[in-house]
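As you go down the protein sequences, you meet chains L and F in turn.
Sequential numbering from 115 applies to the first sequence in this note's numbering.
Sequential numbering from 206 applies to the second sequence in this note's numbering.
It is worth saying that the hints were derived from the structure and are not from the lab.
Any given hint might turn out to be false.
As the list claims (entries may be wrong) - Derived pair list, reagent style BS3-like, types lysine-lysine, alpha-carbon separation capped at 30 Å:
hint	chain 1	residue 1	chain 2	residue 2
1	F	Lys324	F	Lys368
2	F	Lys536	F	Lys363
3	F	Lys368	L	Lys434
4	L	Lys260	L	Lys441
5	L	Lys119	L	Lys156
6	F	Lys405	F	Lys363
7	F	Lys405	L	Lys441
8	F	Lys324	L	Lys462
9	F	Lys270	L	Lys462
What you are looking at is a predicted structure, and each value in this text was computed from that prediction instead of being measured.
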Amino acid sequence: MALQKPHGLLATSRYVPRLRLERSEIYAQHRWMAPGLRSLAKGQRAMANWDEDAVTMAVEACRPLLSSLGNQPVSALTLASTSLPFAERINAGIVAAALGLHTTTAVRDVASSARAATTELIRALQQTDAAAPAQLIVAAERRTAKPASTLEMIQGDGGAAAVVGNGPAIATLLGTHSEYADFVDRFRETGQAYDYGWEERWTREEGYLKIGLNAIQACLAQHQVQAADVDHFVMPATLPKVNEMVAKRLGIAATAVEPTLADTVGDIGSAQPLAMLDAALRRARPGALILLTAFGNGCDVLLLRRTEIPCPGQEPEPGKSETSYLKYLAFNGQLELEWGMRAEMDNKTALTAAWRDHARIAHFEGGQCGQCGTIQFPGSRVCVNPDCHAQDTQSPISLADAPAHVLSHTSDFLAYTPHPPFQFGHIDFDAGGRVLMEFTDTDQDELQPGLAVRMVYRVKEYDARRGFRRYFWKATPVRSTSS
Amino acid sequence: MATGIRDKVAILSMGCSRFGERWDSSPEDLMLEAFNEALAEAGITTAQIGAAWLGVCLEENNVGKTAVPLAQALRLPGIAATRVENACATGSEALRGAAYAVASGAYDFVLALGVEKLKDTGYGGLPVRTRGVNNDLWLPNSTAPGAFAQLASAYAAKHGIDKVDLKRAMAHVSVKSHDNGALNPKAHLRNRITEEDVLKAPTIAAPLGLFDCCGVSDGAACAILTTPELARALHPGAEIVTIKALDLSVSNGEEASFTRWDGASIATARRAAASAYASAGVTDPRSQIHMAEVHDCFSITEAVLMEDLGFSEPGRTVHDILDGVFDRQGKLPVQPDGGLKCFGHPVGASGLRMVYEIYQQLLGRAGERQLARVDLGLAQNLGGHPHQNVCSVSIVGRLGA
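Okay, chain L solo, but in the shape it has when bound (with noise of 0.2 Å):
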């Protein structure tokens, strides 16, 4: 009999913007009206960039996946968010696309709960056709919540993902199961800005220690495990001791207790169960047992077994400290500034042309001159380089992952950025190719010549008359993960 490839997690990975907004600065704006917020004043929640939001963090999350599957074809791209940019336009394809996916790769984004994630993840799982192809499953979020209210502290912004396939799997599945109830602790309105949530001490209560509970105890019935066996509990509750009663009450060691990141993080809604299996995942000795779960109109629960796989990929980089409070309003537009005249630009894309360019937008794809060898962007007709000319030689060669370094660069205060200054400068890549680009998460005089970077996805602009935005990569500073 030939031996079959495990099937299961192949690899996890989360996305952390790199900007984390100080709980003590938001507390400090708001202690006049709203002082019970003081318990909640400690630590970072990690804040998007202006320019971040649910799709071009799932890429971002999604990308070390991909080079740690090498040339295996993804099968299907599902992206879950409960603040996905679209409602019209699938987001997930949005996404796919600027992976460089192949086109007959399934996208379908999934939302509605915290759990959305999760019960993508167990799909995949179940799935174990020995010639089914590797599945991308991401989660990102980019929540607003009112000013002052409680989720404005313990919410985050953030991605996570995993690709389950056969392979040499990180961690493979032991069971699972899952109930649903319109146990409604939290709802949002198609169309609303924000969250509207009931007593915590009745979720705490009544949703994660009965609903919850049970789940997890009929999950752990079923499959004949013991809740003292289990080495690592994700339980992504950020309710303070939410988790650690739910332990305590199945019989699970409070070690195996994992942390919810809310210290640098905060809750990133249906990814933070996938970005804390990644965290435990990278902890957990082979043979370890995780239990996974995620709490939202009803309970998820996933036994897993790692493996002795090494996890592919690395912890986040650790981030900047941000201390502006009114920097994070702005950034989600829930504060009107005057940005002057030049913010007046109308920003409206031709989606006649910009389907025309789609793989040049969406992948940074340019040309290679197969006469010249020269890479060029944007690909064109005819070769750049002046000793070739040739025509209609090149093919598509994308930049998205090509080492680059700065030729030259400015910061202007004159030209109307979310987040002056604007910052732009031609960029050479080490194998060829010049572009003309944006700059993002950079620090004050980080900017040099010669400075090496790396590209990223981004909003390129907000077209806020008719509710389009567009994408395209930006720059930035190649930053040793140890700093």
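We have chain L already, so just place chain F on it with the hints.
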């Protein structure tokens, strides 16, 4: 075999409006102001003008499309009129179109007029605008100062020049232009400034500060062209000023997309200058060109252009600038009229304004800023950004020079 433009076209007369924030003047007022000055000494009537070229760049912010606004403002007698546009080098395009029409023998007298009314936008600087539906999808929505500031970072890195020294040289460029502009009654900015003023000014696009940027102005300038023979016949015994070269180089995307360009120079300026010098018989520009009006939209642009035009050796512009080579009293005065920096920059008019100053200097009419000796002057006019532009180099001088 092409024989070029040298001495085939004479400047019969020129006119230039006062540049500045002309709140109370329409583009039509500005066109007429420049035209009346030129016509007054041309010795011809409007009816004798055979064809006209109108240069206007940001027509959506002022006159609108076509050459009709020119024909209407001057009540031209139903003659051929063409509107041209090549960004900030638009004025030079009007001059080129008109000059070649005379050189071809098609017309005896032609008008080249550039105008721009920029102060109807409601904010400082050039208007924001689309760069085309496809380019908007990926090109940064950059400003002109941002685009030209790139030169400074690449230049300092390439030549290993301390940023502080470069910034000081840039400051000297602006101080010099303000000194010159102060002597020019038509200039937009007529105040003198100090190096300290420049260095202390708020940053616009690093390392460019407020005083590293030229004024955005309303204004018009024009030239009436004819043949040297007709010029002599109309004004016997008068000095005849002719065109020696009218060259233009246009980026083909190489600087923007290919990695050979250093980011620290204007490649088109080098090409246009080489052809212009060949056309005008100039072999040593630093000694043979007696004055230059260059496209000093930003101090750094003027600085790198000194090398691109062959006025300074590679890597030496900082030293030459600080040594005063390009000051009004220096060996090769640059922007004796104050340049874009202080005369002002009504985009469509600027190329013609540059030639206007050379014309004044050649005829000894430059008043307080008159230079000792000018036989040959150079005007360099740039449209676009350092990595992607059109660059014109025109050389004008005495007939026979």
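* Asked: Which of the listed hints are not met by the structure?
  -> 1, 5
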